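Listed below, chain by chain, are the residues.
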Amino acid sequence: MKEGNEVQVTGMGVITPVGIGVSRYTDALREGTTSFSIATFEQGNRLFRFPVAKGMENFSLDELNLDKTLIDKAKGLRHISGSASAGVYCALEAWADAGLADAGISPDRIAIVSAGSNTQQASLEVVRDKCREKLQFMNPNYGFNFFDTDCMSAISAILKISGEGHAISAASASGNMGIIQGCRLIGSGEYDIVLVVAPFMELSIYEWQGFTALGAMAVINEGQFPEQICRPFDTGHAGFVYGQSAGCLILESARHAADRQRKAYGTIAGYGANLDASRGPEPAAAGEEKAMKAALKSAGLTAAQIDYVNTHGTASLAGDKAEVAALLAVGLEGVSANSTKSLIGHALSAAGLVEAISCLIQMKEGFLHVNNNLTNPISSQINWVREKAVSADISYAVNNSFGFGGINTSIIIKR
Amino acid sequence: MKEQIVKLIVGNLVEIIPELSEGSVSLDETFVDMGANSIDRAELIMLTLERLDLEVSRIEFVSAQTVNELADLIIQKQQR
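Residue numbers (this note's numbering), protein chains in the order written: chain A, 1 to 415; chain B, 1 to 80.
Think of the hints as simulated: they come from the structure by calculation, not from any bench.
In this text, all values refer to a predicted model and were calculated from it rather than measured experimentally.
Please note that a few of the clues may not be correct.
Unchecked claim - For the chain B half of the interface with chain A, some residues (derived, Cβ under 8 Å), not all of them:
no.	residue
1	G23
2	A36
3	I39
4	E43
5	M46
6	L49
7	E50
8	E55
Stated by the list, open to error - The calculated lysine to aspartate or glutamate pairs, modelled on EDC-like cross-linking and capped at a C-alpha distance of 16 Å, are:
no.	chain 1	residue 1	chain 2	residue 2
9	A	K134	B	E19
10	A	K293	A	E282
11	A	K364	A	D393
12	A	K263	A	E365
13	A	K263	A	D97
14	A	K134	B	E50
15	A	K321	A	E282
16	A	K130	B	E50
17	A	K388	A	D72
18	A	K75	B	E19
19	A	K160	A	E282
20	A	K75	B	D72
21	A	K364	A	D307
22	A	K130	B	D72
23	A	K321	A	E333
24	A	K75	A	D62
25	A	K293	A	E333
26	A	K160	A	D108
27	A	K73	B	E50
28	B	K7	B	D72
29	B	K7	B	E50
30	A	K160	A	D72
31	B	K2	B	D72
32	A	K134	B	D53
Quick reminder that beta carbons are idealized off the backbone N, C-alpha and C, glycines included.
Input sequences plus hints: build the corresponding full structure.
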């Protein structure tokens, strides 16, 4: 990467089940807040129940420190999915946070990357249900807003961004992959700023049940409390618990941030991405190890310099086991680690980006959040944060994110 | 009857373009002049037909540029 093209994070926005906005999410992480509950659906005269990190419904655009005309434009968006609305909220929070509202930057020098595909399933399902018996009255807006680019385009329209824009998908590693794509766009010198947004991944009943049928999503056992089900790296782990989150990072070249005297949260110091050459959902420690090693190499670091790993840690039996094996193979024995999913559940396509935000928050504030429900760890060779948040001085963090279809990504964040 | 259809179209138009209000909609001003783009116009026709449960191809309404013109065309189709 050319000198000055290092990729800094100069703005953040987030919505999670435990806090809306970076400030409230920071408090929730520090306190180890959770909101686990049960989601119930009726289909074919049967009730289906799933564990869930219950999301917050109402995010108010009025709270954002932005010009009213921008807020009104966002409020005026019609036929927009919950997924895209959440992305828009996070983008506006990050935009304000990065001081871009009045920065007068050429709109051609800014690109937008939206992370995730098929993120609007629940909203699309509502339209489809409504039209099932009267397709001839289909709303024409559906013809363009079903695309995963709708969130990205809505943001471009509100903020008048005219560089390139696209949606990029890598299943549950989409968030990290979006950040990697942003790094490439800045590293090559093509853009000064890339807004990387991860909208909610909304699930329709079909995805809830699909993950359950696959055995990937945890089921609710008789007599089990909802808050006990999500247990990454605990011997009692039994699959992931879904939780809806969205986030946005403003990535900016170091030179550009310095020119406008913006202090950064941190730097994306390196990344690695690869495939296992497999189609299914099974994880592979070798590919995860390779991704982390590639990330370390591109950052010019050794494993010994890593202070903290934000694990992929979904609470899947095979996934947790493979990740521990990969961490040890990389030489990260004894490293401090936690799973943000233990608190907010698995945001699927948005997970990697929201967890990168979680890394940056912990690095800035100097603490590591608890691993909820980690009573009996599957490995004693990792320095897991347990039932209490700990203070920590973190210079370098690894953020892992893996996806179905053999997708492995790892990024290194420098404070 | 036309009065009811006009009322329905105006209500739908305000729903689609919230900057308008029922009082500010002119029945003979073109949809374009009132700020509607082609998708807004398509949605207006679709929503109105749906609410009247009238199955007519949207193509039949291409010529309607104002509330009055659309209402007249709808009445014509209803009577067919």
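Hints, one by one, checked against the model:
For G23/B, the suggested interface contact is broken, since its CB lies about 20 Å from the closest CB of chain A, more than 8 Å. Here the hint on A36/B is broken, as its CB sits about 12 Å from the closest CB of chain A, past 8 Å. Because the smallest distance between the Cβ of I39/B and any Cβ of chain A comes to about 6 Å, under 8 Å, the interface hint for this residue holds. Evaluation of the E43/B hint against chain A yields a held restraint, the C-beta minimum of about 5 Å falling below 8 Å.
Because the beta carbon of M46/B sits about 6 Å from the nearest beta carbon in chain A, less than 8 Å, this interface hint is met. Hint status for L49/B: holds, given a least beta-carbon distance of 7 Å to chain A, under 8 Å. Below 8 Å, beta-carbon pairs count as interface contacts, and E50/B has one with chain A at about 4 Å; its hint therefore holds. Evaluation of the E55/B hint against chain A yields a held restraint, the C-beta minimum of about 6 Å falling below 8 Å.
At roughly 29 Å between alpha-carbon atoms, K134/A and E19/B are farther apart than 16 Å, so this suggested pair is violated. Proximity of K293/A to E282/A is assessed by CA-CA distance (about 20 Å); at most 16 Å being required, the pair is judged violated. Taken as a hint, the K364/A and D393/A pair is honoured in the structure, with Cα atoms around 9 Å apart against an allowance of 16 Å. A threshold of 16 Å between alpha carbons decides the hint, and for K263/A with E365/A the separation of about 15 Å falls inside it, so the pair holds.
Only pairs whose Cα atoms come within 16 Å are accepted, and K263/A paired with D97/A is accepted, the gap being roughly 11 Å. Our distance criterion of 16 Å between C-alpha atoms is met by K134/A and E50/B, whose separation comes to about 9 Å. In summary, the hint linking K321/A to E282/A is supported, as the alpha carbons are separated by about 11 Å, within the 16 Å threshold. Taken as a hint, the K130/A and E50/B pair is honoured in the structure, with Cα atoms around 12 Å apart against an allowance of 16 Å.
Of the pairs offered as hints, the one joining K388/A and D72/A is violated, with about 42 Å between alpha carbons and a cut-off of 16 Å exceeded. With a C-alpha separation of about 12 Å, the suggested pair K75/A and E19/B falls inside the 16 Å cut-off, and the hint holds. Proposed proximity of K160/A and E282/A is contradicted: the alpha carbons are some 42 Å apart, above 16 Å. Under the criterion of a C-alpha separation no larger than 16 Å, the hint pairing K75/A with D72/B is inconsistent with the structure, at around 34 Å.
Taken as a hint, the K364/A and D307/A pair is honoured in the structure, with Cα atoms around 14 Å apart against an allowance of 16 Å. With a C-alpha separation of about 28 Å, the suggested pair K130/A and D72/B falls outside the 16 Å cut-off, and the hint is violated. A C-alpha spacing of about 14 Å is found between K321/A and E333/A, which places the hinted pair at or below 16 Å, so the restraint holds. For a cut-off of 16 Å, the pair hint linking K75/A to D62/A stands: about 9 Å separates their Cα positions.
At most 16 Å may separate the alpha-carbon atoms for a hinted pair to count; K293/A and E333/A meet this at roughly 14 Å. Note on K160/A and D108/A: the hinted pairing holds, with a Cα-Cα distance of about 9 Å set against a maximum of 16 Å. Taken as a hint, the K73/A and E50/B pair is broken in the structure, with Cα atoms around 28 Å apart against an allowance of 16 Å. Using a Cα cut-off of 16 Å, the hinted pair K7/B and D72/B holds, with the two alpha carbons roughly 13 Å apart.
Simply put, K7/B and E50/B have alpha-carbon atoms about 15 Å apart, close enough for the 16 Å limit, and the pair holds. Simply put, K160/A and D72/A have alpha-carbon atoms about 14 Å apart, close enough for the 16 Å limit, and the pair holds. The hinted pair formed by K2/B and D72/B meets the criterion: a straight-line CA distance of about 7 Å does not exceed 16 Å. Between the alpha carbons of K134/A and D53/B the distance comes to roughly 10 Å, so the proposed pair stays at or under 16 Å and holds.
Of the numbered hints listed earlier, those contradicted by the structure are 1, 2, 9, 10, 17, 19, 20, 22, 27.
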